[in-house]
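J.: Residue numbers (UniProt numbering), protein chains in the order written: chain V, 1 to 81; chain G, 1 to 652.
These are computed hints drawn from the structure, not numbers from a lab. Incorrect hints may have been included.
[To be verified] Quick list of simulated restraints, FRET-style, between CB atoms:
#1 66/V <-> 157/G: 15 to 23 Å
#2 66/V <-> 208/G: 21 to 29 Å
#3 66/V <-> 203/G: 32 to 40 Å
#4 157/G <-> 15/V: 46 to 54 Å
#5 541/G <-> 66/V: 45 to 53 Å
#6 15/V <-> 543/G: 44 to 52 Å
#7 66/V <-> 328/G: 42 to 50 Å
#8 15/V <-> 318/G: 52 to 60 Å
For glycine and all other residues, C-beta sits at the position ideal for the given N, C-alpha and C.
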Amino acid sequence: MTVRLDTGVVRLDGDCAVEDAETLLALLLDQPAAAIDLAQCTRLHLAVVQVLLAARRPIAAPPGDPFLRDFIVPVLARSPE
Amino acid sequence: MDDLLPHFLVEARELIAQAEDDLTALARDGGDGAAMDSAFRAIHTLKGSVAIFDMAAAGRALHAAEDLLERMRAGTKTLTAADLATLVALIDQTDTWIDAMAQHGALPDSADAAADALIAGMAGMAGGSDAPAAIDPTAPAPWLEALLAAHAHALGDGALVAFRYRPDGDCFFRGDDPLAIVAAIADLRVLEIMPATDWPALDALTPFDCMVTLTGISGAPLAELRRALRFVIDQVEIVAVAPPAPARPPLSTAPAAPAPPRAAPLRVDGARIDALADGVGELIVANNALAHLADEIARTEPRVAARIRAAHATLARAVGDLGRAVSDVRMVAIGPSLRRLPRLVREIADALGKSVTLEIAGEQTEIDKSIADDLFEPLLHIVRNALDHGIEPPETRRQAGKPDHGRLTVAARREGDAVVIEIADDGAGIDSARLRAVAVARGVLAREAADALDDAQALRLIFAPGFSTASAVTAISGRGVGMDAVLTVVERLGGRVDISSIVGQGSAIRLRLPLDAILTRLLIVRCGEERYGIPLDSILETASVPSARIVPVGSGRACVLRDRTVAVLSLAALLGGKEPTTPPEPVSVTKLLVTQTEVEPVGIIVDGFGARIDGLVRPKAGLLAHIPGVAGTTLLGDGSVLLVLDLPVLIA
Numbered sequence: 001m002t003v004r005l006d007t008g009v010v011r012l013d014g015d016c017a018v019e020d021a022e023t024l025l026a027l028l029l030d031q032p033a034a035a036i037d038l039a040q041c042t043r044l045h046l047a048v049v050q051v052l053l054a055a056r057r058p059i060a061a062p063p064g065d066p067f068l069r070d071f072i073v074p075v076l077a078r079s080p081e
Numbered sequence: 001m002d003d004l005l006p007h008f009l010v011e012a013r014e015l016i017a018q019a020e021d022d023l024t025a026l027a028r029d030g031g032d033g034a035a036m037d038s039a040f041r042a043i044h045t046l047k048g049s050v051a052i053f054d055m056a057a058a059g060r061a062l063h064a065a066e067d068l069l070e071r072m073r074a075g076t077k078t079l080t081a082a083d084l085a086t087l088v089a090l091i092d093q094t095d096t097w098i099d100a101m102a103q104h105g106a107l108p109d110s111a112d113a114a115a116d117a118l119i120a121g122m123a124g125m126a127g128g129s130d131a132p133a134a135i136d137p138t139a140p141a142p143w144l145e146a147l148l149a150a151h152a153h154a155l156g157d158g159a160l161v162a163f164r165y166r167p168d169g170d171c172f173f174r175g176d177d178p179l180a181i182v183a184a185i186a187d188l189r190v191l192e193i194m195p196a197t198d199w200p201a202l203d204a205l206t207p208f209d210c211m212v213t214l215t216g217i218s219g220a221p222l223a224e225l226r227r228a229l230r231f232v233i234d235q236v237e238i239v240a241v242a243p244p245a246p247a248r249p250p251l252s253t254a255p256a257a258p259a260p261p262r263a264a265p266l267r268v269d270g271a272r273i274d275a276l277a278d279g280v281g282e283l284i285v286a287n288n289a290l291a292h293l294a295d296e297i298a299r300t301e302p303r304v305a306a307r308i309r310a311a312h313a314t315l316a317r318a319v320g321d322l323g324r325a326v327s328d329v330r331m332v333a334i335g336p337s338l339r340r341l342p343r344l345v346r347e348i349a350d351a352l353g354k355s356v357t358l359e360i361a362g363e364q365t366e367i368d369k370s371i372a373d374d375l376f377e378p379l380l381h382i383v384r385n386a387l388d389h390g391i392e393p394p395e396t397r398r399q400a401g402k403p404d405h406g407r408l409t410v411a412a413r414r415e416g417d418a419v420v421i422e423i424a425d426d427g428a429g430i431d432s433a434r435l436r437a438v439a440v441a442r443g444v445l446a447r448e449a450a451d452a453l454d455d456a457q458a459l460r461l462i463f464a465p466g467f468s469t470a471s472a473v474t475a476i477s478g479r480g481v482g483m484d485a486v487l488t489v490v491e492r493l494g495g496r497v498d499i500s501s502i503v504g505q506g507s508a509i510r511l512r513l514p515l516d517a518i519l520t521r522l523l524i525v526r527c528g529e530e531r532y533g534i535p536l537d538s539i540l541e542t543a544s545v546p547s548a549r550i551v552p553v554g555s556g557r558a559c560v561l562r563d564r565t566v567a568v569l570s571l572a573a574l575l576g577g578k579e580p581t582t583p584p585e586p587v588s589v590t591k592l593l594v595t596q597t598e599v600e601p602v603g604i605i606v607d608g609f610g611a612r613i614d615g616l617v618r619p620k621a622g623l624l625a626h627i628p629g630v631a632g633t634t635l636l637g638d639g640s641v642l643l644v645l646d647l648p649v650l651i652a
């Protein structure tokens, strides 16, 4: 499972594909305060990034993957509240 | 002037082939800058060359094409399918004009009119168009200004290119991941992902609609950026930021694309290589005589015999290497042999009122030049047959639920010591029942014999001389004398033809040709008192198994080898005796030669294994020609003739 809830934090692990956007959205609606853990994440489909941008959750753990770290995390940080 | 013409003809064909390749690449990817540049250079060079000869019409047409391509390179015109069709027509026409120059030394009278028509077609394409992917070197758009301002610190050095990618809202449903495409852009410096409007509340979010625009800046060259975005180029704007590096280097310098430097080829008269090949063959035979000498004096002078044998072995290795090196020199890429097919396929398909796409694969596969030279005619005939009898007319295809255009593929690949060329079509297939009926009707076979054939054997009836099932003999493929001629040529080249077909789905014809046309690596095996040569290419492995492990199974025998059950046949039986039903003579160990058939591996019992040699295999001729299972003969050192066996035929 690439999207799951782990003690109040939403973890995105490995490659997250387009279908995961729906799972993520459902989880975030269910857990209004959950932060996002990207530590084990290697890839995010744009649909998943859209959900993250719209939800504006804090990043509990940054990703190791260079592209995610250098480009996606800053984009998430800049997303207007 | 006469001296220059042959050279020009060779060069022109190569340039036309290059241009065809480039136009094919552009058909797949209109943004392929390297292909566009290469096509431009080829046409430009052609234009220059034809100027030396009396080919004014060709010069005019090529000049117009050159202008068209230049406008596309400069970005003031985008490439459309109509443009490509016109350029392809121009290249085809030029190819036909080259034929005329080759045959008559002059262009046909129709050349001027044809050139005018082509030029008019290209002029109709004139005028720039406001394409999304055009480069605009004037004032930056607002989105770009904002991007540059917000990320001024991250821009870095060097020339920059910016993009604005607005994916269609339903792009996810098409399987696109715009982020993955952008992630593949080299040297990305800046990335922004912005929603088109404010984000909806989370519970109103539709996650599978693409709602964002991606903008970014990269330090990679413009061509690379276009390449990375080529599949979505209609959704992208690309803008050069800093003054771009000189867009096109002058033609007199090296090409823009970093192609690996190619060693200047040497043009060699084929006859000289043939002489080398003959020389190698003679060396082999002479060397084999040494081995025989050693045997002769072994009893009286064992030490000298041993040294002669050692010398023979060293020479054999060296001559084998030399033979392979000479073969290598004669190796040419098969591409040029296939080059003339696209135009001919277009012409034949048009004449038949059919629409066909031709795909060629494996053009880099290397093949002996003598085989390449002789291959074109049979290939063309097979292709003609496929177009004529295989691919159905568009209406018939539509009714069968197939796409309107038929698909013809010609693919070459290397398999071990052979080159396999497969010509496949997605047409009507070949009905083996109909073949049987025609064979009986024409007296080729009696009814019982025809019925006794299995489907695979029935398909091979098309190779029988005088066989034609075409209800109307068409001008295109002639009177059905073709396929047996194809078989003859391929067998003369030392090869084999296989055919498979599924009614309603299509057919495939496979030509299997030897890679090394000079020497064949053979294993000598003993069977009773006789020796035979088996091409190493057809041997999977050799094994010695305890005789007890070969057990009767059904009406035959089998044994287990490496956890696989392998059917066991005896070579003696294959060569004309009967397969023994009792276990073999009480020999404790049975020697097996394992070969691969179409279905499964098969073990063949031989009485002993001999030496591995490189032999010059001469195709069977005369009386031998009618013995099935014999591929040819080679001369051994003691002057005797070794029969070289064709295992797949023997086992079948």
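J.: To test your reading of the hints: which numbers does this structure violate?
T.: The structure breaks only hint 4.
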